[in-house]
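Those letters in the sequence shown? Residues 1 to 238, by my numbering.
Keep in mind the hints are simulated off the structure, nothing from the lab.
Glycine residues also receive a C-beta, built at the ideal position from the N, C-alpha and C atoms.
There's no promise every hint is true.
[Unchecked claim] For each label pair, taking beta carbons as the anchor points, the in silico distance ranges come out as: (1) T172 <-> T43: 22 to 32 Å; (2) E27 <-> L102: 27 to 37 Å; (3) Q38 <-> A116: 54 to 64 Å; (4) E149 <-> A188: 14 to 24 Å; (5) A234 <-> Q137: 17 to 27 Å; (6) L24 <-> L80: 29 to 39 Å; (7) S99 <-> R143: 34 to 44 Å; (8) A215 <-> Q61: 33 to 43 Å.
[What the hints assert, rightly or not] For lysine-lysine, the following PhoX-like pairs were computed, each having C-alpha atoms within a straight-line distance of at most 20 Å: (9) K37 <-> K25; (10) K127 <-> K73; (11) K73 <-> K37; (12) K126 <-> K88; (13) K164 <-> K229.
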Amino acid sequence: MQTLQLDTETIEVVKTTRRGSIALKVEPDRIALMVPKQFSDATIESLIENERDWLLQQIRQHQAEMPKRLLLKNGHELLLFGEKVLFKEDHHTPVKTLSVALDGAHLMAYMKTARALKDPQATQRKKVVQFFSEQLQTYLEPRLQMFAEQIGVQPTEVTIRNYKSRWGSCYTDGRVQFNWRLAMAPKAVVDYVIQHELCHLIHPNHSADYWALVARHCPDFETHKQWLKDNGAALIAF
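Model the full structure from these sequences, guided by the hints.
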């Protein structure tokens, strides 16, 4: 993957079949510049330098229009595999470092640390993300192996990522990645996303053959796609 630096922004260069035009795609977790595949590296670098001010203006404008991240508050209602859990802060139980753990229907954040935190909100969020990532990893391991055997593929590497605009991704070298926020979705929806990505190891596209393969292994995939469409924005906002 080719990347170029523009001030503090890293721009991913994606070569496409576009004819003579470029397009800028700004997402919460990536900035991509779509360019015609016949453009040489020198042409691309020159283009970015010549359009520097315009590109930065467009990037800042898109970033300003993106939905603000939801702040985690005491009493906030979260989902863990589709089931409601109530986020609660515990300021009484002494702990060495801020920690997060599930206690029945409550996701507890133990805040009474030995040392004062410089940024409690950021540390708290980091621990919550870590909790959900670990929950997803635990669920993924056996399910991924089972579905991979059923579909007839073998992923080379599986990782949890902090995506803001996708639920998973698959690469031609066999790497598969999943959004940690899937830990908030019902398990049936997670299963669909697993199968969705694994099917890409056979069909690296969204062709009719690809969707036929998905339907063969996940007959009700449309229901799960709709759930993500209806609820995805709320999950991504966190």
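**Request:** List in ascending order the numbers of the hints, as given earlier, that are violated by the structure.
**Result:** 7 and 11
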